[in-house]
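**Q** Given the coordinates of chain A, work out where chain B should sit on it, guided by the hints.
There are 2 protein chains.
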Amino acid sequence: MKKIQNIVIGLDIGGTNTKFGLVAQEGKILAKSTVSTKGYENINQFIETLHNEINKLIKNLPEKMSIKGIGIGAPNGNIFKGTIENAANLDWKGIIPIGALMQEEFNVPVKVTNDANAAALGEKLFGKGKNISNFMMITLGTGLGGGIIAGNNLLYGYSGFAGEAGHVIVKENGRLCGCGRKGCLETYVSANGLLKTVKEMLSETEEESMLRNVKFDTLTSKNIYEYAKNGDFIALKAFNFTAEILGKALANFTALLSPEKIFLFGGLAEAGDLLVKPTEKYMNNNLLSVCKNTVSIEKSGLKSGDAAILGASALIWQLC
Amino acid sequence: MKKIQNIVIGLDIGGTNTKFGLVAQEGKILAKSTVSTKGYENINQFIETLHNEINKLIKNLPEKMSIKGIGIGAPNGNIFKGTIENAANLDWKGIIPIGALMQEEFNVPVKVTNDANAAALGEKLFGKGKNISNFMMITLGTGLGGGIIAGNNLLYGYSGFAGEAGHVIVKENGRLCGCGRKGCLETYVSANGLLKTVKEMLSETEEESMLRNVKFDTLTSKNIYEYAKNGDFIALKAFNFTAEILGKALANFTALLSPEKIFLFGGLAEAGDLLVKPTEKYMNNNLLSVCKNTVSIEKSGLKSGDAAILGASALIWQLC
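For the protein sequence lines, the chains are A and B, in the order given.
Per this note's numbering, residue 1401 is the first one in the first sequence, and the count goes up by one each step.
Per this note's numbering, residue 1401 is the first one in the second sequence, and the count goes up by one each step.
One should not assume that every hint holds.
Pairs count within a copy or across copies, as identical chains cannot be separated in the list.
Unchecked claim - Straight-line Cα separation of at most 16 Å, EDC-like style, residue types lysine to aspartate or glutamate; simulated pairs:
hint: 1; residue 1: Lys1692; residue 2: Glu1485
hint: 2; residue 1: Lys1571; residue 2: Glu1644
hint: 3; residue 1: Lys1648; residue 2: Glu1572
hint: 4; residue 1: Lys1468; residue 2: Glu1607
hint: 5; residue 1: Lys1699; residue 2: Glu1660
hint: 6; residue 1: Lys1637; residue 2: Glu1606
Just so you know, these hints were derived from the structure itself, not from any lab.
If you're wondering where the values come from, they're calculated on a predicted model, not measured in any experiment.
The following block holds chain A by itself, in its conformation from the complex (with noise of 0.2 Å):
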């Protein structure tokens, strides 16, 4: 007879491709998979294929699987309704009851929350939180997320969307955010703010670099990157600016929730000391003096390719 394992799965709904793993409670993950998240014409469809593709990778396993629920990390996901709501870039618009249609359909609880707040929680169960009751999790993709544990808990706040640290808005009349507001971090500090603060530092300066010999639409985060490492002139100011706005709204944040471990998560936390150093240079200078050498920055503790979906499994292993 089969051992019986007990799982959770982890589900992250991206705008492109929907991730899902089986994660045991350690934070192993025994199997993924990828499906589409475009190209179907409904929801209820969509979930199908889910569950088909799901049953697949059970069983594959050697051991019986026993799942104890689902976790969602998903766009605009609202942990109190178990919803989607109003997400822009995913096909179905309006308010989409993700989490009443899974336990419908896989019959065991399910659980929902933003991208963020999901590897939030992640770090904490499975990363470099375990032991830290109080931290923040910055996600730097395309643009900036945030999750905030406070006292050992998520904090959801009344709306269920708490720690949208990537819609603080840190300068006045500054760059037009997708939110159809100006000057939100997010719109200086993720793969697309640093593109825009190259593409103006090259357009507004007649300053040395080797990015001027990189077709102008063919920039990326990964490039600069790449030239900063190898010390171009540019490059780097575009970092050290980032880094500037990104510490300094790091030390306002501490004035008012007091993290001990700030952690930086996603594309541009790769750049690793090319962000790390210089932002946790700005934050302490700008740190409240109570706050002098209680709080400091690392890179997350979770690996890329799985936090997402060790983070969605976190809502339900946090509760077993």
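**A** Frame of chain A; chain B shown alone:
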């Protein structure tokens, strides 16, 4: 035989006076009094004086009292260590182990935090926050203090000093703050901030104002309020300027914390609709869309004279 009544001693240590009261479970203050905070040879003499005065209060009551503990609100009060740390307005410099000293003197549990955190707890236990899981308390006095209730608990953070809303920097290279940095929220939004705003407006413009007939040095936030009520142009403009800065800051705090309510307490909050209404307007105009209609601003439900004592007592009552 006298009936035994459980009480908590609530103690509010200010720069000039220390207020204290005997607080019953439902937040009723059975008796209260005040001693000077200044003029003692050392902290022990201060504590001895307090002990004598508290004993007098207790003896004057008809019932027999059982003291459950002592809650202390004090500038830079550290909940984790029971200390007052480098408080600029107090005679005792450095780190004062007020918790341990009081515990020795009274032989009951003692808890210490800063005044704004205590006020937030007071609102939670005895004010309008009873049934609200996520709210923010903003205390508007000479400066600006903040306390955050998140998931029904006061957010202390790693340092114990979370909630320092007054020291979130809202203007790059803005007004010099007592903390040594520039542009802190409290340099604009506080009694002193309002005063500075009016003085700037009077000296930098030729706009008509009855405030020009008030001696510059005798201007106070209170007479600015009186003139504003009477429609004075500069006084109203100063309140609007203050509300704009506060409203925008609260919109940012909401992105991070998602409170259901933001309670305003203290001198400036007494200005009522002159401050609350425009602050709410500016906050709403600057909210991230997912936060719209999730948060509102109200005056605190605590009586101004009693709030500090009630808040301090809540440190102990919440444990009972």
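**Q** For every hint, state whether the structure bears it out.
**A** Structure-based check of all given hints:
no.	hint	in the structure
1	Lys1692 - Glu1485	between (39 Å within a copy, 13 Å between copies)
2	Lys1571 - Glu1644	both (13 Å within a copy, 15 Å between copies)
3	Lys1648 - Glu1572	both (15 Å within a copy, 10 Å between copies)
4	Lys1468 - Glu1607	neither (57 Å within a copy, 69 Å between copies)
5	Lys1699 - Glu1660	within (14 Å within a copy, 32 Å between copies)
6	Lys1637 - Glu1606	within (13 Å within a copy, 44 Å between copies)
In terms of the numbered hints stated before, the structure departs from hint 4 and from no other.
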